[in-house]
Amino acid sequence: MPINPELHSDYLLRLADSNLVLGHRMSEWIGKAPTIEEELALANIGLDLIGQARALLAHAAKVSGDGRDEDALAFLRDTHQYRNLLLVENKNGDFANTIVRQFLYSAFAQPHWNALTRSSDEELAGIAAKAEKEATYHVRHSSEWLIRLGDGTEESHRRAQNALDNLWMYTGEMFESDDIEQAVIEAGIGVDPSTIKPQWDAIVEPVLKQATLVQPEDGWMISGGRVGRHTEHLGHMLSDMQFLQRAYPGQQW
Amino acid sequence: MPEKTTPLYEVFLRPRNGLAHRHVGSLHAADDVMALQSARDVYTRRGEAGSIWVVRSDSIIATNPADKDVDFAPSDPEHKPYRHPTFYKIPPEVGHM
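Top line first, the protein sequences correspond to chains A and B. According to our numbering, the first sequence holds residues 1 to 253 in order. According to our numbering, the second sequence holds residues 1 to 97 in order.
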């Protein structure tokens, strides 16, 4: 079924932006991570995510054909034009918060990429196949840490539980879809995110249990990232991330 | 980082089947699983490995530096040069061995 390129491109931006924003968040740990080993691990995860975002942005630019390239999409869109999940724009906070955020997202991303490998958009299916391997490692790394933080010292447990309680209300948005997504899903390009929920549960529940953390009740869930309604954190992050291209347009290195 | 909670591990990599694992460095980790993950993250960023070994540094049994003379002086090539196969003429067709 043919699809409006604008909807197709918007769908790709949604996928790209969550990875770009979380990738940038990981880069903020460079120079500040608790140990040199973990600093490299966080930077590796960030680079994986930014790599996924680049491939998706380049593809989105080609699909929309509006003359913008991947750099223009990353560095010259303003907050309300970003389509990322609100979960990933949350500030890094302490190490437990970063790990919980990563775990909750990667537990979604991994099965989501897996489903996208069957997309009728061959370019997207190819990106998904590469990204799935990376996401599988992100789940492993963040869950091993979460188990050790939750089942660690009194302080690490408190911080991990606190992060989980604070971030839980952002998890509902991952499984929502709107008209844009439905059109892309019907075209065989996209994946209905609600179908990922059972797989997410299957990853999250046992890890939280092993980490001796209490899974929060599903209460009110915040959303809006995918249509450009963001928390206050994204603008601050973008002002840092986009500074160079805003101040020196077209600058390269 | 406190040595007590994050002991030292030695990291060995094998680039591909058929080669031996080689020591590449060390790292601190809370336990075996985290050591293996850190080894992957720290030492295999450029496709260096097809296999990783990690081992607790305190599990390695090593020679005592004080016994250096007893252990190694008797095999000094200066005294036992015949242990090095350097007395053979290698035909040029063989090339580098």
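Don't read these hints as lab results, they were simulated from the structure. On a predicted model such as this, the values are computed, not experimentally measured, just so you know. A few of these clues could be false.
Taking lysine-lysine pairs in the DSBU-like style, the calculated list, with each CA pair at most 35 angstroms apart, reads [claimed, not checked]:
no., chain 1, residue 1, chain 2, residue 2
1, A, 133, B, 68
2, A, 209, A, 91
3, B, 4, A, 91
4, B, 4, A, 209
5, A, 197, A, 130
6, A, 130, A, 209
7, A, 32, A, 197
8, A, 91, A, 130
9, A, 133, A, 91
10, A, 209, A, 62
11, B, 4, A, 32
12, A, 133, A, 197
Quick rundown of the hints versus the structure:
Only pairs whose Cα atoms come within 35 angstroms are accepted, and residue 133 of chain A paired with residue 68 of chain B is rejected, the gap being roughly 48 angstroms. Only pairs whose Cα atoms come within 35 angstroms are accepted, and residue 209 of chain A paired with residue 91 of chain A is accepted, the gap being roughly 25 angstroms. Our distance criterion of 35 angstroms between C-alpha atoms is met by residue 4 of chain B and residue 91 of chain A, whose separation comes to about 31 angstroms. For the suggested pair residue 4 of chain B and residue 209 of chain A, the alpha carbons sit about 27 angstroms apart, so the restraint of at most 35 angstroms is met.
A threshold of 35 angstroms between alpha carbons decides the hint, and for residue 197 of chain A with residue 130 of chain A the separation of about 22 angstroms falls inside it, so the pair holds. This hinted pair checks out: residue 130 of chain A and residue 209 of chain A have alpha carbons roughly 30 angstroms apart, not beyond 35 angstroms. Restraint check for residue 32 of chain A and residue 197 of chain A: satisfied, since their Cα atoms lie roughly 34 angstroms apart, inside the 35 angstroms limit. This hinted pair checks out: residue 91 of chain A and residue 130 of chain A have alpha carbons roughly 27 angstroms apart, not beyond 35 angstroms.
Between residue 133 of chain A and residue 91 of chain A the alpha-carbon distance is near 26 angstroms, which keeps this suggested pair within the 35 angstroms criterion. Restraint check for residue 209 of chain A and residue 62 of chain A: the C-alpha separation of about 44 angstroms exceeds 35 angstroms, so the hint is violated. Taking the CA atoms of residue 4 of chain B and residue 32 of chain A, the gap is about 22 angstroms. The hint holds against a cut of 35 angstroms. Annotation: proposed proximity of residue 133 of chain A to residue 197 of chain A holds, straight-line Cα distance about 20 angstroms (limit 35 angstroms).
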